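**Student:** First to last, the protein sequences are chains A and B.
Residue numbers 35 to 240, in our numbering, belong to the letters of the first sequence in order.
Residue numbers 35 to 240, in our numbering, belong to the letters of the second sequence in order.
If you're looking for bench data, these hints aren't it; they were derived computationally from the structure.
Here the structure is a predicted model, which is why all the values come from computation and not from measurement.
Treat the hints with caution; some may be incorrect.
[What the hints assert, rightly or not] When the alpha-carbon atoms are kept at most 30 angstroms apart in a straight line, the in silico DSS-like pairs for lysine-lysine are as follows:
{"#": "1", "chain 1": "B", "residue 1": "Lys-156", "chain 2": "B", "residue 2": "Lys-206"}
{"#": "2", "chain 1": "B", "residue 1": "Lys-156", "chain 2": "B", "residue 2": "Lys-239"}
{"#": "3", "chain 1": "A", "residue 1": "Lys-88", "chain 2": "A", "residue 2": "Lys-156"}
{"#": "4", "chain 1": "B", "residue 1": "Lys-87", "chain 2": "A", "residue 2": "Lys-88"}
{"#": "5", "chain 1": "A", "residue 1": "Lys-87", "chain 2": "B", "residue 2": "Lys-87"}
{"#": "6", "chain 1": "B", "residue 1": "Lys-87", "chain 2": "B", "residue 2": "Lys-156"}
{"#": "7", "chain 1": "A", "residue 1": "Lys-87", "chain 2": "A", "residue 2": "Lys-156"}
{"#": "8", "chain 1": "A", "residue 1": "Lys-87", "chain 2": "B", "residue 2": "Lys-88"}
{"#": "9", "chain 1": "A", "residue 1": "Lys-169", "chain 2": "A", "residue 2": "Lys-239"}
{"#": "10", "chain 1": "B", "residue 1": "Lys-88", "chain 2": "A", "residue 2": "Lys-88"}
{"#": "11", "chain 1": "A", "residue 1": "Lys-156", "chain 2": "A", "residue 2": "Lys-169"}
{"#": "12", "chain 1": "A", "residue 1": "Lys-239", "chain 2": "A", "residue 2": "Lys-206"}
[To be verified] From chain B, some residues computed to sit far from chain A (all C-beta separations above 12 angstroms):
{"#": "13", "residue": "Gly-138"}
{"#": "14", "residue": "Met-150"}
{"#": "15", "residue": "Glu-174"}
{"#": "16", "residue": "Asp-186"}
{"#": "17", "residue": "Phe-190"}
{"#": "18", "residue": "Arg-194"}
{"#": "19", "residue": "Ala-199"}
{"#": "20", "residue": "Pro-205"}
{"#": "21", "residue": "Ser-208"}
{"#": "22", "residue": "Gly-217"}
{"#": "23", "residue": "Gly-229"}
{"#": "24", "residue": "Ile-232"}
{"#": "25", "residue": "Phe-238"}
{"#": "26", "residue": "Lys-239"}
C-beta: ideal position from N, C-alpha, C; glycine also.
Protein chains: 2
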Amino acid sequence: MSDYPSIVLEQAVNQMASLPGVGRRTALRLVLHLLRQSDADVEAFSGAFTRLKKDVVYCRECHNISDSEICPICASPRRDHATICVVENVQDVMSIENTGQYNGVYHVLGGIISPMEGIGPKDIEIDSLIERVAKGGIDEIILALPTTMEGDTTNFYIYRRLQNAELAEMPKLSQIARGVAVGNQLEYTDEITLGRSIVNRIEFKG
Amino acid sequence: MSDYPSIVLEQAVNQMASLPGVGRRTALRLVLHLLRQSDADVEAFSGAFTRLKKDVVYCRECHNISDSEICPICASPRRDHATICVVENVQDVMSIENTGQYNGVYHVLGGIISPMEGIGPKDIEIDSLIERVAKGGIDEIILALPTTMEGDTTNFYIYRRLQNAELAEMPKLSQIARGVAVGNQLEYTDEITLGRSIVNRIEFKG
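All chains should be modelled from the sequences, with the hints used to inform the complete structure.
**Tutor:** In structure tokens, the structure reads:
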């Protein structure tokens with residue numbers, strides 16, 4: 035006999051425990067919490083994830099998660115469209131937006147180059163970044179990737195790709211100040227440090 | 035503009051963050067993890083909870099979560115049906131089963147008496163316990179509720195109810211040994227301590 039008194043319960047626990055960082059004991063606690071909610075609440079809970087998966091769109095310009103073809107940031111006439119901030123993921127866009135220190139647009143790579151995890155340049159949105167820059171009108175590219183080896187590798191790769199792209203005019207290339215402690219993720223950095231690291235950004239020397 | 039770049043994303047995060055102990059940042063991380071999974075995987079994730087809510091049954095005898103009208107423990111001829119272990123919830127049944135020290139059946143109250151949380155005797159499965167005992171054939175009732183004030187109150191309430199039930203034969207009433215540290219929940223107790231607390235159970239003196 036399984037540890038669980040019910041197969042549907044066990045299946046629900048298995049699904050909950052498939053989330054990163056959620057152990058089986060926590061999963062059981064969360065599932066039993068759901069079981070105490072109303073039918074409508076459980077329906078709303080489940081529906082939110084299938085709806086997200088079905089309806090989510092990625093912005094054609096910056097590849098951020100969006101509800102429409104062009105995200106609100108790329109669509110805004112009040113943003114500086116000549117400055118592109120290159121980030122790893124959606125959380126990083128939200129973290130930088132929360133600092134209130136940045137008025138340009140973004141480019142969401144959707145990952146960083148990591149040979150250990152088998153993520154190469156073709157697996158992330160680097161080609162689309164180069165194409166975007168090649169169209170012209172970009173004054174500055176701010177590299178705001180994690181201050182890890184993978185982040186440094188990706189920074190350098192982007193730098194070389196831009197150099198080889200034979201651009202009519204090479205935009206200024208900068209990186210956020212190393213106020214972010216080495217080895218840390220952007221999303222866990224406090225807003226003051228992260229905001230300062232944007233204000234004090236320095237030229238990327240490759 | 036909301037903090038989130040997408041309304042469907044925000045709705046999914048809201049639902050995930052409605053789980054107890056899950057903050058908004060963790061919720062976002064979990065939702066973005068789901069978004070990276072296949073359509074089929076997200077479907078399986080969501081479906082497990084609606085299916086649980088729709089298909090779950092509570093055992094007619096012991097009120098444990100079950101797939102059928104009578105749970106496997108109550109249906110088993112190898113269990114001692116003259117001994118009932120009274121527990122707060124499903125997790126506690128699983129914890130006691132894992133000790134391998136108990137061969138009787140259970141009665142799942144589905145909560146304990148807690149005036150602070152507005153849970154009275156009528157809100158939990160106490161009437162059904164008394165009815166079950168009144169049918170006869172029960173030699174012993176083991177009270178295995180948390181060693182908290184609420185647990186003690188519930189123990190005492192059950193004791194009084196049994197006394198007033200004018201039973202043909204009063205079963206022996208025992209409680210698990212206080213090896214479980216006062217103030218702790220059963221589900222977080224190690225198996226050795228919990229197993230011993232069942233072996234060393236003592237008569238309930240009211």
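**Student:** Out of the numbered hints, which ones does the structure contradict?
**Tutor:** Violated hints: none; all satisfied.
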